[in-house]
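Peer 1: Once you have looked at the hints, place chain B on chain A.
Respectively, the protein sequence lines represent chains A and B. With the numbering used here applied, the first sequence covers 1 to 474. With the numbering used here applied, the second sequence covers 1 to 366.
It should be emphasised that the hints constitute simulated quantities derived from the structure, not laboratory data. Ideal Cβ placement from N, Cα and C applies to all residues, glycine included. Be a bit skeptical, because a hint or two may be false.
[Claimed, not checked] Derived CB-CB ranges, DEER-like: (1) D98/A - S305/B: 25 to 33 Å; (2) P7/B - E345/A: 41 to 49 Å; (3) L341/B - E345/A: 45 to 53 Å.
[Unchecked claim] These stretches of chain B come out as covered by chain A in the derived footprint (C-beta under 8 Å, 3 or more residues): (4) 129-140; (5) 168-175; (6) 183-197; (7) 212-224; (8) 262-275.
What follows is the residue order along each chain.
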Amino acid sequence: MTLLSDLRQTLGNENVLEEPMELYIYSKDASLMRGEATFVVFPQSAEHVAAVVQIAGEHGVPIVARGAGTGLTAGASPTEGGIVMATTALNSVEIDPDNRTAWVGAGVVNLDLSKLAAPFGLHFAPDPSSQSACTIGGNVANNSGGAHTLSEGSTTSHVLGLEVVFADGEIVILGGQAPDSPGLDVKGLVVGSEGTLGIVTRALVRLLPVEPEVRTLLLDFPTVEAAVATVSEIIAAGMIPAALELMDQRMTVAVENWLHAGLPVEAAAVLLAEVIGEREGVESQASQIGEIGRANGAGDVRIAKTEEDRALLWKGRKSAFGAMAQLAPDYYLHDAVVPRTKLVETMRKIYEIADRYQLTLLNVFHAGDGNLHPLIAFDASEPGVAERVHQAGDEIVAACLEVGGALTGEHGIGLEKRDLMRMAFTEIDLDAQARLKEVFDPTGLFNPRKILPEGSRCFDFGGVRREVPEGVWV
Amino acid sequence: MTYHPPPITRLAAESEGAPDAELTVAPKSPHDVASVLRHATEKGLKVQVWGGGTRSGYGTPPPPDIVMSMEHLGEIESWVPGDLTLVVGAGARIADIESKLVGESQTAVLPEVPGVSTVGGAIAAGASALRRGRLYGTRERILETTVVTGDGRIVRSGGRVVKNVTGYDMHKLSVGAFGSLGVVVSVCLKLWPLPPAGATVTVDGPDQTSSVARPLAILEGNDSTRVFLWGTDEDVSAMSDRLDGDSADGLDWPADPSGPYVWSVRVPPALTSQAIRHLPDGWRYLAVHGVGDIRAASDDDEGASDLRVWAESVAGHLVVVEAPTDTLQGFDRWGSPPPGLDLQRRLIGEFDPARIINPGRLPGGI
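Pulled out of the complex, with its shape left as it was, chain A reads as follows (with noise of 0.2 Å):
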């Protein structure tokens, strides 16, 4: 039997694609890369996907997991080629408002589950700007933030439980609802595991209450240091809001022109805070980030007056890379994170990197986590100019980390970041990482070549130690 007519037989002619136009739809996420799809399979339910993995196996042809293809790292692109497996049909979800926690498909959009939950008072609290696309099996994949990460941690703060397909094609069920499940927490392993360990079919979340109050405002600043220094100033005043995110000048501007929120383009920067709560203390943190904010020179404080209003702020937040579009027809995002008293100095090596390198840089950041979003604008067409973006992009990533910061924040590794891993690990550190991905998948037939940079099962200890001398460390 062929690979393809054992996978129509399984899931049926209908939920597998093979038209060069459907598998060129399916070979990319929204990052730069693009893969070749072999072919792409829409699963109805965990068995399916359980026979997948083991029809996979047997015709060795490696699966790469895709929900929504909002990833921006190549982490859903079949670059190894392979099975693409849409999740979009595992679309179940069972809330559960007594115990504030819901069985959720892999395929299930983000703010569908948040929408959901609505009429019981609940909520999803991750929220990527893409929730309006993202899917749960996304999100799961990449241990996905948002802007009210702040408050609440990234997605695997949120997951509770698992039901994941592993190489073997047994279907497992990780976790629960009752807390602390004896034993190795393997389901926070699978967290943020970019679809390398195993296929996660459904995520048994938790949901958090919806806040009785919230105040959004809008400050602007003349400079982007007094905007980040009322970022720590709210912080060290023993606040932590919602949410602290921050859009300098150019990325204002650029949102302002198609949204026409009445967004301060004249100012350096712009500070949109968000606190919730009981209405007493809500109201007093909102009053106490305003003072603050204008002792650093804020010159307007806007606070949402309406839901609308608030609506409108985040929407000039959560589209911010789209409005990209008007300035380039390309662009390249980096999610390193600095610690948050090094985002000043950060941000002027940022701004140096990218005049060096004749670049438009803009920066559209979740301040309070010190989660940088510099985004380069530029057109891919003009020759030359793809190496500089990735030479300033490097750059970017290296300055970062010099002062103590990370990779990636909450955008995942995938294929575009993974040969910077060798900036932040050492090779036994690498190897461990590689060895635990071993465990899962020895055959290496979920998204092969992802995450862990080529030749990190390098470091064989039992090969070595005989001849490193005691005491010395390698």
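Peer 2: Structure of chain B alone, referenced to chain A:
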């Protein structure tokens, strides 16, 4: 007497309260830890890692050959209040670091009444704060770990920033792993600011708390139910007014119940009150509502089997935290084995190939 080479015997120490073993060592650096573990792996010697000893009753470990005290590995390496991060040696006592952090109005959100327990011990045993319903458990506080594997590799995972998805989350896997993926020697913790005000309100019962959306904790003990509140002055006084009960300033955290037998009952959050009703007569308890974490203690084990049958029937667990030696014969300390035990064994095999670090502590006798 096993021959121990000089690099190991140089670390010999006496550690107060630690169990008897042929050799007790107190390493002063991660490299020392690596020397000890490498030696133990070569000779097949079992190592018990010793913090404060407050959670040393889990599982059914064989007697150790070497006790490794972490007392010299408790230094604060860095603390940047503005970054909300603290890098500290695993041997640090929780009480000591919390008393320093409070100077900058911060907390590590580790267990509130820790006694002599250490950061590394809380991570190994997966012990969480009573505030976990609002601020999440210990797992969510871990940003980076440095561990030493059974075969002596020093492995770092994670990073020193509050948000990070670089590589696999191995550091979080250390929580509740009892050192089986390597002895945690240092950790970067995500700190949290302490807001200006706090109050403890005693109410009639856990069903009397709905006027507050997300309190810091709702704790029910044998004698009372208390709601713990924090925030701005306005916030806290408004919330205490809405709750019908006796309010006292400050957060007066209770200690976990103690006794010859200590238990952990874990159920879906909505079944917390039912779990309390299923506790055998005479058990002392402290239940964290909204989480399903019930900490209990008793003088004997009567009724434990029935409680486990009920807990497992609702997808929960009854775990033995501590029991007198030679008791509970035939009663598994963890209950029914969790799914994927073979996978867990293979994972551990990559980090502790001779299975010398705290063997027998995990479910399935691993």
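Peer 1: It remains to establish, for every hint, whether it holds in the given structure.
Peer 2: Here is what the structure says about each hint:
Against the hinted window of 25 to 33 Å, the Cβ-Cβ separation of D98/A and S305/B comes to about 27 Å, which satisfies the hint. Range check, P7/B to E345/A: Cβ separation about 43 Å, and the 41 to 49 Å hint holds. Checked against the hint of 45 to 53 Å, the C-beta distance between L341/B and E345/A comes to roughly 49 Å, which is consistent with it. Look at the stretch 129-140 of chain B against chain A: 5 of its residues bring a Cβ nearer than 8 Å to a Cβ of that chain, three or more, so the hint holds.
Under the rule that three or more residues need a Cβ within less than 8 Å of chain A, the assignment of the stretch 168-175 of chain B holds, with 6 such residues. Remark: the stretch 183-197 of chain B is confirmed as covered by chain A, as 5 of its residues place a Cβ nearer than 8 Å to a Cβ of that chain, reaching the required three. Note: the stretch 212-224 of chain B has 3 residues with beta-carbon separation from chain A under 8 Å; the three-residue rule is met and the coverage holds. Beta-carbon proximity to chain A at under 8 Å applies to 6 residues in the stretch 262-275 of chain B; the threshold of 3 is reached and the given coverage holds.
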